[in-house]
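Student: Assemble chain B onto chain A, guided by the hints.
The lines below spell out each chain.
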Amino acid sequence: MHIIESGNVAAATGVKLSRAEVIAAYPITPQTPLTEKLSELVDSGEMKAEYIPVESEHSALAVCIAASSSGSRAFTATSANGLLYMNEQIHWAAGARLPIVMCVVNRGIGAPWTVWNDHQDSISQRDTGWIQLYQCDHQQIIDTVIQAFLIAETVSIPVMVCYDGYLLSHTYMPFEIPGQSEIDKFLPKFKPAYFLDPKNPANLNTVTLPDVRPDVRGDLAPGYMEIRHNLHMDMRRTISVVEEVDRKYQKVTGRGGTPLVEKYECDDADFIAVCLGSLSYQLRDVVDMMRKEGIKAGVFGIRLYRPFPDQAIANALSRAKGVVVFEKALSYGNQGALFADIKSALYNSGNKPFVHNYILGLGGREIKTQDLFNSFMASCKDDGKIGDEPQWIGLKM
Amino acid sequence: MTEKTTILNLPEEELVHPGNRACSGCGLSIIYRIGLKALGRDTILVVPPSCLTVLQGLYPIAATQLPCLNVTFASTAAAATGVLGALRAQKREKTTVVAWAGDGGTSDIGIQSLSGACERGEDFIFICYDNEAYMNTGVQRSGTTPKGVITTTTPIRGKLQKKKEVPAIIAAHGIDYVATASAAYPLDLYDKIKKAKTISGPRYIHVHTPCPAGWGFEPRYTVKIGKMAVETGLYDLYEIEHSKFKLTGPSRKLIGKKRKPVAEYFKTQSRFKALSDKRTEEVQQEIDAKWEGYENE
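If you're matching them up, the sequences are chains A and B in order. So the first sequence is numbered by this note's numbering: it starts at 1 and just counts up by one. So the second sequence is numbered by this note's numbering: it starts at 1 and just counts up by one.
Mixed in with the good hints, there may be bad ones.
Stated by the list, open to error - Computed list of lysine-lysine pairs in DSSO-like fashion (alpha-carbon distance at most 27 Å, straight line):
no., chain 1, residue 1, chain 2, residue 2
1, B, Lys195, A, Lys199
2, B, Lys94, A, Lys189
3, B, Lys253, B, Lys197
4, B, Lys91, A, Lys48
5, A, Lys191, B, Lys91
6, A, Lys189, B, Lys91
7, B, Lys94, A, Lys191
8, B, Lys91, A, Lys199
9, A, Lys48, B, Lys94
10, B, Lys37, A, Lys199
11, A, Lys199, B, Lys94
12, A, Lys185, B, Lys91
13, A, Lys199, B, Lys197
14, A, Lys199, B, Lys194
In case anyone wonders, no lab produced these hints; they're calculated from the structure.
Extracted from the complex, chain B is given alone in its bound form:
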């Protein structure tokens, strides 16, 4: 897919109702709205407990126009497998099956079933919206919370451990499509979902998703902060297609350019207030080393 989608040719039909239960400034609500446009109506969603469960509405009212199966926390990818099995048995294989989980539901409690489904080669798309903590339960640390971040379970010193690199773990299963995206670049996500739909087998898209309430910034800055994560080179947008790694979109444009200092990004959010200057410098060095690798390829 070479043609980039723009705001002019994005489908007008909305599959998510307005007035849903997302917080103001919710990064997930951006990618859910745009993501469903890319997926289209012939889709079945599988969703574990997460902010999305709440966004989608409380019984008997739903905010989505796609069929959705809410499942237990650890079982998302296995449940997607079950939907696929039934669709094969009923010869309804044309329908796209999409698991949509948060970072906890993907990287922590859900990783066993996700790994199993990837190993079995299940024909589904798994979208992880990574807001870097358990936001739905009130901002507890998760496997993808970055080092140094204040959460309600790392309240004083910040998280002591590094962020888990989930896309790399999933890529290690040898699946044909792994991509990262950002809520700040929804059209890039749109195109990646569209591309994923043209590939078979397990496809994994990891979406950096700013959360005003959990990260400590004003709701109007969701996109700005999401962009800063990319512009500082901290969070990179890429695709691993048939095992081939390629920076994409805004991250690709950063090659050979001067990146924003990561300290600027840290300053925008109260969750980084426990970061020492030394840690900030360490992160900057890690980013610089990573980009040196990219630029020497």
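Extracted from the complex, chain A is given alone in its bound form:
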């Protein structure tokens, strides 16, 4: 069934189709319509789930952590400062290997207060051990929310489904809603290997010592380092799991084929723009404009940011003359985080394209297609002047 609705409703519909059992959320702009929709679905009986209106984001993720530890499929959503208020819990959920799914409706972080979109919130959480998937449109939001549960439950790692505040969360677009019976086949009931059970008691997330220790039978149990190493190795494995889940989803819905990155006109491109989120669609217009000027440009929209599909990225980008990273976040005092990651991925490739970094759209600053065009063109024609220093687009001073 096709409908025209907001990105937040697309996300809520995905949560419903995924049969999340425990939902906890605290309102924050621009996430609120998503949680309002979920409470409506639960309150009306349309969705069978426990909706827990908690008193903070820290508690929202606490509820999900405990519900997931108890064997239930759990969902939450937040934005900006709410995400940061969860920070300790975000690390905890990954360390405890809980397959929670969280929508992050991307918004800039205070101070000063801003309610508008950029990516600093979720980028600041990239090293927490969560899988991060960025969305370009409403169809991707609903599809990715559903896939996220299967990915999370396959590798026992939580997933952030990130999409742009207002630009996607509050705009209306047509998207297809998959059938419940198809999704039930795609995403079976959550069956955890371990959960809190008086019949099979276990003390979860206890204190670990710096070294490994024997258990009561004398067998060595993993220590903190081993547990964290396992998380890393399973994150690396997640890249192929995301691809497998995409193939499975494609069989059910007919949609998919671009699980890691979304490429536009990249095959013969000399210059490739790289970005996260809905910006990649705006950059498609820019690429069309540039191709009219005779410049072979393309767009490379990264969907899976953590784990970072560095091999796929290096293979795709190393053929270009230049790579231009457009970012709505910054590692202050250094460069854009994505920029640094892209350069790192290209370090071992035979052909090293130049890589430029543009910072734009912070706190919802309007991103003008003409400005993107001018910057991208400047990079293509650059004779080494731009260098590594991030360039700012739309700065008015």
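Tutor: Just chain B now, kept in the frame of chain A:
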């Protein structure tokens, strides 16, 4: 529940293993052992960082036979909420969910999530073991450290502020069961936990828990000092059941009787060494006024 539990009819089955990591003379180890007997096997525990985290054992060895979820410091009651949500979703509601936190994890960093859970009416028991400071991190002041007490963060003059009355704060949420207990009267605690199990919604039990290392007394005096806190009328055992306040057990028996002077209690512990005679007298007057109120009811 009118029948009082005695040592003769206390369940023999132990749910806490001996040889755990509690300090000698630990008040918590008494109430944890007896408390788990009252809770029984069909229980899920939620525990924030505290002495109990250590008592329960270091990975991969556990000192408890109940399933337990260790959670972040501020999130205890919210985590209990999450367990409850999952149990409802899975139709496992018969299992008792118990959050068990220290005084810091209850009165300071944990009070937001506890207040939220009480306001939402979550069906769980919250047990606060109050040893009146952050003992696990080395005796720093907490919201429930009494005025005048020496801690490592109130090292010279003692704490300048009063003890936070957590049971009163929780009772203000209008929940159906709030009780106080003491590690020196574990069977009284046992009966209160048993009663709490028969009531639904949030239930809160605040347990005065002497700590030899943090309070400065010899480990053999844990029970004696816990009893003195009650016998001087400083720490009262009561229940607030369906908004009705009632002194219980040893405190109820003090009505109309002569109480021990609080100065005697202060003398037993080195943490009170900075207390002036004037402050001791003030506390005595506060106790006398409080008991005059009780006796006139």
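Student: Verify the proposed pairing of A:Lys199 with B:Lys94, using a straight-line Cα cut of 27 Å.
Tutor: Roughly 13 Å between the alpha carbons, so the hint for A:Lys199 and B:Lys94 holds.
Student: Quick one, are A:Lys199 and B:Lys197 close enough, alpha carbons at most 27 Å?
Tutor: holds, 19 Å
Student: Are B:Lys195 and A:Lys199 close enough, with their CA atoms no more than 27 Å apart?
Tutor: Cα-Cα ~24 Å, so holds.
Student: Are B:Lys37 and A:Lys199 close enough, with their CA atoms no more than 27 Å apart?
Tutor: Holds: B:Lys37 and A:Lys199 sit about 16 Å apart, inside 27 Å.
Student: Hinted pair, alpha-carbon criterion (27 Å max): B:Lys91, A:Lys48. Please report holds or violated.
Tutor: Given that 27 Å is the threshold and the Cα spacing comes to 13 Å, the pair holds.
Student: Is it true that the CA of A:Lys191 sits at most 27 Å from the CA of B:Lys91?
Tutor: holds, 15 Å
Student: Is the hinted pair B:Lys94 and A:Lys189 satisfied, with a Cα-Cα distance of at most 27 Å?
Tutor: Distance of about 22 Å is within 27 Å: holds.
Student: Given the proposed pairing of A:Lys199 with B:Lys194, does the C-alpha separation stay at or below 27 Å?
Tutor: Since the Cα atoms of A:Lys199 and B:Lys194 sit roughly 21 Å apart, the hinted pair holds (cutoff 27 Å).
Student: What's the verdict on A:Lys189 and B:Lys91, does the C-alpha distance respect the 27 Å limit or exceed it?
Tutor: Holds. A:Lys189 to B:Lys91 sits at ~15 Å (cutoff 27 Å).
Student: Within 27 Å, alpha carbon to alpha carbon, are A:Lys48 and B:Lys94?
Tutor: Roughly 20 Å separates the two Cα atoms, so the pair holds.
Student: Between the alpha carbons of B:Lys91 and A:Lys199, is the straight-line distance 27 Å or under?
Tutor: OK: B:Lys91 and A:Lys199 at ~15 Å, within 27 Å.
Student: Hinted pair, alpha-carbon criterion (27 Å max): B:Lys253, B:Lys197. Please report holds or violated.
Tutor: holds, 25 Å
In summary, this structure violates none of the numbered hints.
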